[in-house]
Structures are given as structure tokens and as C-alpha cells.
Amino acid sequence: MKRNIRSPFRGTRGGAAVAVVSLLVLSAGCGLSGSDPSDGDGPIVIGMSLPLSGPVADRAKPGMEGYQYWVDELNSNGGLLGREVELKVLDDGFDQQTAISDYTRLISEDKVDLVLGTFSSDLNVAVAPVAERFGYAYVQPSGGADEIFERDLEYLFFAQPATTQKLPDRFVELLSTMPEAERPETVGLVQLDDPNTTQAAKLFSDQLAELGIETVYDVTYSPDTSNFDAIASDIKQSDPDLVINGAIAVDGMSLIRSMQKVGFSPPMLYQMNAPTDPTYAETIGEANTEGIFTYLAWSPEAAYPTNDGFVSGYTEEYGAAPSEDAANSYTAGQVLAEAVDSVGSLDQEAIKDWLHANSVETIVGPLNWDETGRPQGDMLLGQFQDGEIKIVGPDSAATTDEVIYAKPEWQ
Amino acid sequence: MIAAVVTRAADRVASARKWLIAGGIVFVGCIPLLTSSAYIQNVMILTFLMCVLGLGWNIMSGYTGYISLGHSAFIGIGAYTAGILAERWQVSPFLVAPLGGVAAALVAFLLGLTTRRTRGPAFVIVSFALLELLGLLARNLSSLTGGSQGLAMPLPDWDLTFYNWPFYYSLLALVLLSLWMTRAIRRSKFGLGLVAIRDDEDKAAGIGVLTPVYKSLAFMSSAVLVGVAGAVYGYYVSYLSVSTMFDIVLSMQVVLAVLIGGRGTFWGPVLGAFIVVPLTELTNTTIGGLDAGAFRLLMFGGLLLLVTMLLPRGILPTAGAWLTKLKAGDTGRTGARLVESGLPTVPPSLRDESAAVGGDVLRVEDVVMRFGGVLAIDQASFSVPRGSITALIGPNGAGKTTLFNAIDGTYTPAAGDIVLEGKSLARADRTRRAFRGIGRTYQLPRLFNSLTVLENVAAVNSSFSVRRLAASAVSGEEAARATELLEFVGLGDYLDVKATDMSYGQKKLVELAQVLMLDPAVILLDEPAAGINPTLLRRLADLIRALNESGRTFVIVEHDMQFVLALADRATVLARGQVLMSGAPDVVSRHPKVMEAYLGDDFVLEKTMGGATT
Numbered sequence: 001m002k003r004n005i006r007s008p009f010r011g012t013r014g015g016a017a018v019a020v021v022s023l024l025v026l027s028a029g030c031g032l033s034g035s036d037p038s039d040g041d042g043p044i045v046i047g048m049s050l051p052l053s054g055p056v057a058d059r060a061k062p063g064m065e066g067y068q069y070w071v072d073e074l075n076s077n078g079g080l081l082g083r084e085v086e087l088k089v090l091d092d093g094f095d096q097q098t099a100i101s102d103y104t105r106l107i108s109e110d111k112v113d114l115v116l117g118t119f120s121s122d123l124n125v126a127v128a129p130v131a132e133r134f135g136y137a138y139v140q141p142s143g144g145a146d147e148i149f150e151r152d153l154e155y156l157f158f159a160q161p162a163t164t165q166k167l168p169d170r171f172v173e174l175l176s177t178m179p180e181a182e183r184p185e186t187v188g189l190v191q192l193d194d195p196n197t198t199q200a201a202k203l204f205s206d207q208l209a210e211l212g213i214e215t216v217y218d219v220t221y222s223p224d225t226s227n228f229d230a231i232a233s234d235i236k237q238s239d240p241d242l243v244i245n246g247a248i249a250v251d252g253m254s255l256i257r258s259m260q261k262v263g264f265s266p267p268m269l270y271q272m273n274a275p276t277d278p279t280y281a282e283t284i285g286e287a288n289t290e291g292i293f294t295y296l297a298w299s300p301e302a303a304y305p306t307n308d309g310f311v312s313g314y315t316e317e318y319g320a321a322p323s324e325d326a327a328n329s330y331t332a333g334q335v336l337a338e339a340v341d342s343v344g345s346l347d348q349e350a351i352k353d354w355l356h357a358n359s360v361e362t363i364v365g366p367l368n369w370d371e372t373g374r375p376q377g378d379m380l381l382g383q384f385q386d387g388e389i390k391i392v393g394p395d396s397a398a399t400t401d402e403v404i405y406a407k408p409e410w411q
Numbered sequence: 001m002i003a004a005v006v007t008r009a010a011d012r013v014a015s016a017r018k019w020l021i022a023g024g025i026v027f028v029g030c031i032p033l034l035t036s037s038a039y040i041q042n043v044m045i046l047t048f049l050m051c052v053l054g055l056g057w058n059i060m061s062g063y064t065g066y067i068s069l070g071h072s073a074f075i076g077i078g079a080y081t082a083g084i085l086a087e088r089w090q091v092s093p094f095l096v097a098p099l100g101g102v103a104a105a106l107v108a109f110l111l112g113l114t115t116r117r118t119r120g121p122a123f124v125i126v127s128f129a130l131l132e133l134l135g136l137l138a139r140n141l142s143s144l145t146g147g148s149q150g151l152a153m154p155l156p157d158w159d160l161t162f163y164n165w166p167f168y169y170s171l172l173a174l175v176l177l178s179l180w181m182t183r184a185i186r187r188s189k190f191g192l193g194l195v196a197i198r199d200d201e202d203k204a205a206g207i208g209v210l211t212p213v214y215k216s217l218a219f220m221s222s223a224v225l226v227g228v229a230g231a232v233y234g235y236y237v238s239y240l241s242v243s244t245m246f247d248i249v250l251s252m253q254v255v256l257a258v259l260i261g262g263r264g265t266f267w268g269p270v271l272g273a274f275i276v277v278p279l280t281e282l283t284n285t286t287i288g289g290l291d292a293g294a295f296r297l298l299m300f301g302g303l304l305l306l307v308t309m310l311l312p313r314g315i316l317p318t319a320g321a322w323l324t325k326l327k328a329g330d331t332g333r334t335g336a337r338l339v340e341s342g343l344p345t346v347p348p349s350l351r352d353e354s355a356a357v358g359g360d361v362l363r364v365e366d367v368v369m370r371f372g373g374v375l376a377i378d379q380a381s382f383s384v385p386r387g388s389i390t391a392l393i394g395p396n397g398a399g400k401t402t403l404f405n406a407i408d409g410t411y412t413p414a415a416g417d418i419v420l421e422g423k424s425l426a427r428a429d430r431t432r433r434a435f436r437g438i439g440r441t442y443q444l445p446r447l448f449n450s451l452t453v454l455e456n457v458a459a460v461n462s463s464f465s466v467r468r469l470a471a472s473a474v475s476g477e478e479a480a481r482a483t484e485l486l487e488f489v490g491l492g493d494y495l496d497v498k499a500t501d502m503s504y505g506q507k508k509l510v511e512l513a514q515v516l517m518l519d520p521a522v523i524l525l526d527e528p529a530a531g532i533n534p535t536l537l538r539r540l541a542d543l544i545r546a547l548n549e550s551g552r553t554f555v556i557v558e559h560d561m562q563f564v565l566a567l568a569d570r571a572t573v574l575a576r577g578q579v580l581m582s583g584a585p586d587v588v589s590r591h592p593k594v595m596e597a598y599l600g601d602d603f604v605l606e607k608t609m610g611g612a613t614t
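Here the protein sequences line up with chains A and B, keeping their order. The numbering used here applies: residue 1 is where the first sequence begins, and numbers increase by one. The numbering used here applies: residue 1 is where the second sequence begins, and numbers increase by one.
No lab work stands behind these hints: they were computed from the structure. Predicted model, so just to flag it, every value in this text is computed and none were measured. Keep in mind that the hints are not guaranteed to be accurate.
Residues of chain B placed beyond 12 Å of chain A at every Cβ, according to the derived structure [stated by the list, open to error]:
#1 Leu160
#2 Leu240
#3 Asp247
#4 Ala294
Computed list of lysine to any residue pairs in SDA-like fashion (alpha-carbon distance at most 25 Å, straight line) [claimed, not checked]:
#5 Lys111(A) <-> Asp157(B)
#6 Lys390(A) <-> Glu290(A)
#7 Lys111(A) <-> Thr161(B)
#8 Lys166(A) <-> Pro156(B)
#9 Lys111(A) <-> Pro156(B)
#10 Lys202(A) <-> Asn140(B)
Don't be surprised by glycine CBs; every beta carbon is placed ideally from N, CA and C.
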């Protein structure tokens with residue numbers, strides 16, 4: 001006797017129908033959108049997706065304001081190619097997949113006229129190939145990790161003076177000019193687990209080794225580390241003459257507070273990113289900033305044309321001085337606008353070719369690029385002196401001749 | 001005549017459904033031809049990925065009942081495996097994508113091993129920990145995975161017009177493959193075993209479902225296609241970073257998708273994916289500005305809340321229930337009176353009796369069971385002669401059920417041995433004891449609630465074979481045997497009724513049929529007469545007697561003395577964990593020690609028949 005009976009899994013008879021119908025509705029819905037605003041005299045739309053929510057939201061906000069300030073300024077000066085410019089900003093929540101989807105949509109569905117880049121190496125490494133695929137010039141305000149440029153993309157341009165690859169140069173140069181007797185003999189490396197900082201730490205370690213400076217401590221901490229006491233006391237144990245901290249923001253300040261707690265003051269201290277945070281001096285104590293080194297992609301002091309106007313204009317509009325992220329966005333905007341203006345059209349290929357062949361005056365100085373999109377400029381080396389970051393290198397941009405080699409003890 | 005019309009209508013629905021599915025597949029297959037929008041293709045690609053992930057999740061968490069909160073780990077494993085191999089061997093990631101699936105299946109196998117110790121909420125935590133652990137590993141094995149720098153995949157070099165096609169069609173193929181696999185599993189005896197595990201894993205082990213093998217296979221099939229899809233997805237993104245490939249958000253989204261569609265249903269994961277992914281896209285691209293993230297969190301949080309409150313079973317099962325209610329009319333037969341009638345012929349035992357040695361089928365030898373400081377069984381010994389009905393009686397708390405649990409392998413005795421057919425069972429687990437010949441029922445019947453009566457019986461395995469796994473769930477020889485046994489116990493009209501819809505007494509009969517299906521050397525019945533009506537009680541006594549006459553051996557724990565002592569040809573009395581005495585029922589029941597310990601002074605054994613004399 002054979003018998004087939006109802007399977008236990010059987011959901012409903014209508015299951016397939018519902019699935020297929022919803023599919024049809026979805027596809028129909030997708031087909032309806034997607035107008036084509038690229039022609040005519042309407043505004044030029046520039047698309048971008050920024051990590052406005054999620055872990056780096058605090059830094060994306062000034063980044064977006066930098067873009068917004070740039071557009072406002074541009075429009076008050078007559079726009080681009082005689083047309084008004086407007087931004088279409090999406091939020092990717094610091095998620096690579098969302099960023100990819102967003103840019104794909106902006107380009108292929110919303111058909112924006114131009115795109116501008118997003119923030120962080122993490123996102124740009126995923127998005128840059130999307131722009132490349134569609135043949136859109138992609139000027140990114142941040143994301144200096146070298147692997148982005150290793151892919152030999154033609155449409156990619158980095159709107160900072162240099163990539164991470166050149167980040168250590170000025171500081172290493174400074175150390176090499178010190179008399180050998182005064183030069184630190186050992187270095188401790190402490191960095192956040194992030195493409196940018198880990199790469200910089202590796203470069204520091206290699207280049208300092210060539211100067212005979214030995215790495216006696218090297219640790220990478222995860223982004224969610226909140227207490228640095230254990231790390232600080234480990235550093236104290238290995239007692240390096242120089243500490244280099246690959247920080248992103250708050251983590252750098254927490255590390256200093258922990259070092260103060262365990263009573264260790266390195267004779268020399270170099271930190272990435274954190275010192276340019278507006279709350280830095282207040283958090284670690286203004287007196288304690290004395291002698292700390294950092295790199296700067298941009299400085300409000302730098303005497304490049306347009307920089308002064310940007311700093312004062314931005315401060316007026318937003319009631320606070322621009323952060324480095326805001327400056328980076330503004331720079332990216334400057335680069336794109338200059339290229340479009342010079343080409344005289346929205347032809348992406350022409351824009352790309354122009355950028356590869358020319359140099360652009362920006363608030364971080366003149367920028368030009370090699371065939372991979374790596375900028376050919378130089379990072380600035382800054383040092384806190386009397387509560388302010390002074391530029392100590394390169395000589396052409398220096399705002400002071402003084403360099404404090406021995407950092408005073410914590411106060 | 002009417003029946004024929006109904007059948008024809010059902011046929012029409014079935015064929016309309018078939019056309020609809022085929023049409024849907026063709027339509028989805030044509031989308032890249034219909035639109036050149038890379039964005040629509042992108043959304044579809046992500047939806048396909050979610051479908052594959054959801055269908056995989058559904059096998060592990062829907063059918064087998066092990067809820068995973070870390071299923072995107074398999075995407076990561078597939079993507080990294082293919083990415084690393086493609087780089088080392090300088091081949092297209094598409095070529096090595098199947099190896100990503102193999103790697104994912106291996107990890108799933110290891111995850112399956114943890115289920116020997118973890119179930120329920122503990123497993124949820126293990127699955128989540130697996131995701132975190134693998135992410136950590138990928139982050140730190142930087143020489144292999146690029147660590148936090150990530151791993152760049154080669155950029156596809158084909159024309160922009162066809163750019164998405166390879167990703168689109170390979171993921172679509174994986175969706176179809178996943179559907180096909182799900183269909184094959186749910187129609188097989190293997191799938192029946194998985195649902196049995198979900199409903200009651202210990203019981204499943206006791207009726208010959210080799211749970212470790214079933215779970216390992218289920219976990220591996222749940223992961224393998226997800227791993228391949230992960231490899232394709234990694235290539236699509238063209239850059240592997242730990243946070244994207246071992247993505248906790250994706251792991252949560254897939255749970256949301258399948259819960260919305262309907263957990264444990266065939267189309268549920270697909271429906272859920274087609275709701276969740278486009279909705280995510282819609283909110284990502286339409287809600288902009290600084291507060292977009294907060295809005296989205298609120299939206300998805302609210303959606304999850306709505307689903308759990310309004311559609312706890314998901315769209316498909318709820319819609320299905322409505323449809324059934326609309327059709328209605330079909331009154332259940334579960335409440336129908338049991339008609340007293342003559343017994344059908346006893347189905348003969350199919351057991352190979354060549355292994356039978358000696359007079360005793362089962363011997364319990366000096367078994368000691370301790371729970372902390374409590375000595376539950378104290379050196380109990382008794383034997384069960386072949387072809388006997390042995391009553392195991394004694395006051396509440398004497399240790400009767402505990403002894404059953406020691407015999408069937410639920411508990412491991414502190415000392416002593418259980419010997420079946422002359423061989424010790426000490427090293428056999430529950431399932432192997434079922435295979436060797438121990439079958440039991442429970443005081444409160446334990447059936448698999450989402451299975452029908454017939455499936456409950458068909459799920460039983462008296463031995464393990466790979467071929468049987470693939471066998472159709474409820475057709476063929478075994479289904480015929482199950483039907484025969486259910487007809488024998490008087491449930492021939494209830495084959496397609498859900499186990500939950502059966503009455504208490506009927507459930508006991510189903511459980512008896514399950515044991516008969518297992519066809520063990522000795523049948524242990526735990527209080528078969530408790531809580532059932534007199535008619536059923538007489539029926540039960542007749543069944544047991546008839547089965548005994550056909551050569552089957554019984555051990556019965558029972559408090560209804562009239563019932564059990566009338567049936568039994570031997571009785572063993574247990575008190576405070578010790579065997580007080582064993583012997584013929586009338587001798588035992590009149591023994592002063594037994595009267596004092598259990599039966600009472602006024603007990604008189606009636607010689608009529610089992611069951612209450614009304």
C-alpha cells in the first residue's frame with residue numbers, strides 16, 4: 001500500500017504565489033524610478049554616500065559640512081559651468097556593502113552628474129572600483145591606505161597631499177637630523193586595528209630600524225578598546241624613548257590618560273589623528289600637549305591661497321573652526337570644480353585625463369597625481385608648542401624654527 | 001464523483017502554482033536583459049545572496065531547530081577561502097568558489113559537534129561566538145587574510161554591459177540549487193528526522209534517529225551553498241574586509257527575513273529576502289541626512305517588533321492558516337469515539353532473531369543510580385524472560401522510571417550493567433540501544449508535534465543507512481509498514497492528522513505504534529494505562545496481549561494493579577530504589593512485604609482481565 005501524505009514542512013499553497021507577486025511588484029517599482037537629470041540647465045547634481053551613522057558618524061558630520069560649505073561658496077560665486085550645484089547625500093552607516101550599493105544607485109539609477117568620495121580607507125577601497133567601473137572621476141577626501149592605490153585605478157584621485165605611504169617621512173627625517181647621541185634608541189608602537197594606522201606603524205618600524213632605532217614594543221588594539229591601563233603599563237615596562245601611537249580619535253586621548261595614570265611619560269611622543277581633534281587639549285590637559293608630534297594633511301595656519309578664506313568663511317557659517325575632515329572635503333570639492341571648469345564639460349573621461357596632466361591649487365597646497373591617483377605632495381609635521389600645533393616641517397611650510405626634542409613630563 | 005471534482009480542482013491549483021513558479025524564475029532570469037540598470041541588478045544580487053543565506057539558515061534553524069545568530073560566518077569563510085586560493089593559484093574566484101563551499105561545510109561540521117553539549121539558547125550563543133571568533137581569526141591571520149588591511153580580489157575585466165551578469169546568474173543558480181536542496185531534504189526521511197530533532201531531540205534519539213549524523217549533515221548542507229555564495233559575493237564586492245564578510249548585521253537581517261517569511265517553510269526565506277533587502281535599499285537611498293541612521297534603526301526595530309507580535313509564525317504560515325480557515329468545513333475526527341471491535345491480525349515482528357541467546361532477553365545487573373546525594377537505584381537486579389510480560393511495580397518515587405531511563409541510555413548508571421541478548425549495553429548511547437533492541441514509551445506521551453501521525457511512526461529507524469536518509473519520507477515500504485501498524489492499534493483513520501490534534505489516549509497508541517515500528521527486542525511501557533478511558537484501557541490490554549502472543553517481550557511500569565498484574569506473567573517490585581522481590585504476579589501480590597510497602601492490606605487481585613471492571 002503506497003501512500004503519500006502532507007509534508008511537515010509544507011507552509012502554504014500560496015507561498016510561491018506570494019513570493020513571485022512580491023517580486024513582480026518590486027521590479028515594477030524599481031523600473032518606475034530613475035529619471036535622467038544630466039542634461040539641460042537644471043542644477044548639476046553631485047552624489048555621495050557618507051558614513052553619517054555608525055561608528056565614525058562624529059567625523060563624517062564635519063566632513064559633510066565641509067562639502068556643504070564648498071557647494072554654498074561655489075553657488076554664491078555662480079556655480080559650475082554656469083549651473084547651480086546641489087548635493088545628493090546618502091548614508092551608508094559605515095558599511096562597505098551599503099556604500100557600494102549607494103554609489104551604484106547614484107550613478108546608474110539617479111544618474112548624478114558627478115560624484116565625490118566618501119570617508120575612511122575602509123569604504124573608499126570598496127567604492128573606488130565602482131566609480132572606476134562606471135567611468136566616473138572619483139576624488140576622495142580621505143582614505144590614504146596604500147592598497148586603494150595598488151589597484152591601479154585610473155579614475156581615482158586622493159585629495160590630500162600624500163598617502164599613508166609618505167606619512168612617516170617628515171618625522172623620520174627630523175629624527176635623522178638629530179645628533180646620534182640625542183636620538184632615541186628604542187621605539188614603542190601602539191596602534192588601532194585599522195588599515196591606515198597599522199600600515200603607518202609598519203612603515204615607522206621599518207624606517208626607524210634603518211636609523212638604528214629598535215622597536216621594543218608593538219601592539220595593535222581593537223577599535224572597541226576603551227581602557228588602556230594594561231597597554232600603558234606594558235609600555236612602561238619596556239620603557240621606550242619614543243612612543244608612536246596610531247590613533248584615530250578618542251583612543252589616542254585615552255592612551256595618554258592611562259600613561260599619566262601609570263606614571264609613564266615618554267621622552268618623545270608622536271600621535272596620529274587624535275591631536276587634531278578639537279577636544280584634544282582639553283581632554284589631556286593643555287600643559288600636557290607640549291612637545292607632542294603629529295602629522296597634518298592640512299593646517300588652518302598654512303599660507304596657501306584660498307586657505308585663509310576657507311577657515312574664516314567656514315568659521316562664520318558653522319560657528320566653529322573647520323576640522324581636518326571638513327578641510328579634506330573642501331579640498332576634494334576644489335579639485336573636482338577646477339577640473340570641470342578647465343574641461344568645460346561634465347565629460348568624465350576628460351576630467352580624469354585633465355587631473356592626470358595638471359596640478360590644482362588647493363587649501364593644502366598644489367596637488368598633482370601619478371597614474372594610480374597617489375598625490376605627489378607632502379604631509380606636514382606638526383608639534384604642540386605653547387598649546388598650539390606649530391608646523392615644524394617641511395621647511396617650506398614651517399611656521400616655526402623651534403623643535404622641542406624632549407617632551408616635558410606630564411603635569 | 002464529488003471527490004473527482006475536488007481532485008481536479010486541486011490539480012488545477014497545483015499546475016497553476018507550477019506555472020507561476022516557472023514564470024517567476026524565467027522573469028527573474030530575464031531581468032538583466034530587461035534593464036541595464038546596474039542598481040536594480042545590484043539589489044537583485046544582494047537579494048539572491050540573502051535568499052541563499054536564508055534558505056541555508058532555514059535548514060539549520062528552521063527545520064533542525066538550532067537557532068544561529070552567526071550564519072554570515074559561512075559567507076566569510078567562503079569568501080576568504082576563494083579569495084586566498086584565487087590569489088595563490090592565480091585563477092578566477094569563480095573557479096575556486098566551490099572550495100569556499102567545502103570550507104564552509106567543514107566549519108559547519110565542527111559547529112555541529114558542539115551541539116552534543118549545547119542546545120537552545122546555549123547554541124545561539126555558540127553560533128554568535130563562532131562568527132566573532134572567525135572574524136577575529138581573519139583579522140589576526142594577516143599573512144593569509146591581509147588582516148585589517150583586507151584582501152583585494154582581482155577587478156573583473158569584462159565589459160560594463162555584462163558586468164553584473166556572472167554574479168547575477170551564479171547567485172540565481174545558487175538560489176535555485178538551495179531551493180532544490182531544501183525540497184529534497186524536506187521530502188526525504190532525513191528531513192523527517194530533522195523535524196523530529198527540532199520537536200524533541202531526546203525522543204528522536206530514542207527512536208533510532210542518529211542525531212549527531214543528522215545534525216552534522218544538516219549543518220553542512222545549511223552552510224555549503226552559503227559558502228559558495230559568499231565566494232561569489234566576495235568577488236562581486238572585489239575586496240574582502242573582516243567587517244563586511246563576517247557581518248553581524250547580515251546575520252541578524254537573515255533571521256529577520258526568515259521570521260517574516262515563515263521559519264521552517266519552503267518559500268518563507270525567499271519571500272523574506274525579497275521583502276527585507278529591497279526595504280533596506282529603499283530606506284538607505286530615500287532617507288538621507290544626518291539622522292538617517294537613527295530612522296533606519298527605528299524602522300527595522302519596529303518591523304521586528306511587529307513581526308514578533310502580529311506574525312510570530314511569519315507571513316506564509318499565517319496566510320496558510322487563514323486560507324485553511326476560509327475553506328473550513330473539514331471537521332476533525334480526533335474526537336470521535338473509539339469503536340469497540342475485534343482486533344485486526346497482529347503484524348508479525350520482522351526482527352532478526354538469530355542473535356537471540358538464552359532465556360532472558362534483558363538483564364539488569366546491580367544497577368546503581370545516584371543524583372547528587374540521593375541514591376535513586378540501589379543495586380537493582382532483575383531479568384526479563386523472552387516472550388514474557390514483566391510488570392515493574394512499586395510506590396511513587398521507587399525508581400521505576402529512573403530504571404527505564406538507565407535501561408534506554410538516558411542516564412548512565414554509577415555502577416552495574418544492562419545486558420541485552422547477552423551483550424552489555426554499557427557503551428551504547430540511546431540511538432544505538434534503540435538499534436540493538438530497546439524501545440520505550442513515556443509516562444506522558446512524547447510525539448513530534450509538527451509531524452502527522454503517520455510521519456511520527458515513519459520517522460522511526462531500526463537501523464542506520466545512508467540510503468535510507470535519501471529515501472522518500474512517507475512512501476514506499478516503510479510507510480506501508482507504518483500504516484499497517486497504525487491500523488493495528490486502531491488509528492488507521494488518523495494517518496494525516498497532526499500529532500498535536502490527537503487526544504491523550506490516542507497519543508499513547510501512536511507512541512505504541514512507534515515502538516512497534518522500531519521492532520525492538522524488548523518493549524518498555526511507562527504507565528500505559530494512566531489517564532485513559534476504560535474502553536481504551538481494554539483495547540490496550542488486548543493489544544498488549546495479542547502482541548505478546550506474537551512473540552514480543554514487554555516490561556510494563558504501571559500503578560493500575562488490576563490491569564498490569566492480570567497481563568503480566570512476572571512481577572518485580574521496586575521500593576526505595578531496591579528490588580524488593582521478583583516472581584509470579586499472584587505470589588508477589590500476596591507477599592506481606594509487598595503488601596506493606598505498596599499494595600496495602602486489602603488488595604485482592606481479580607482474575608478477570610486487565611482494566612477496571614465496570
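Structure versus earlier hints - violations, ascending order:
Result: hints 1, 2, 3, 4 and 8 break, sorted rising.
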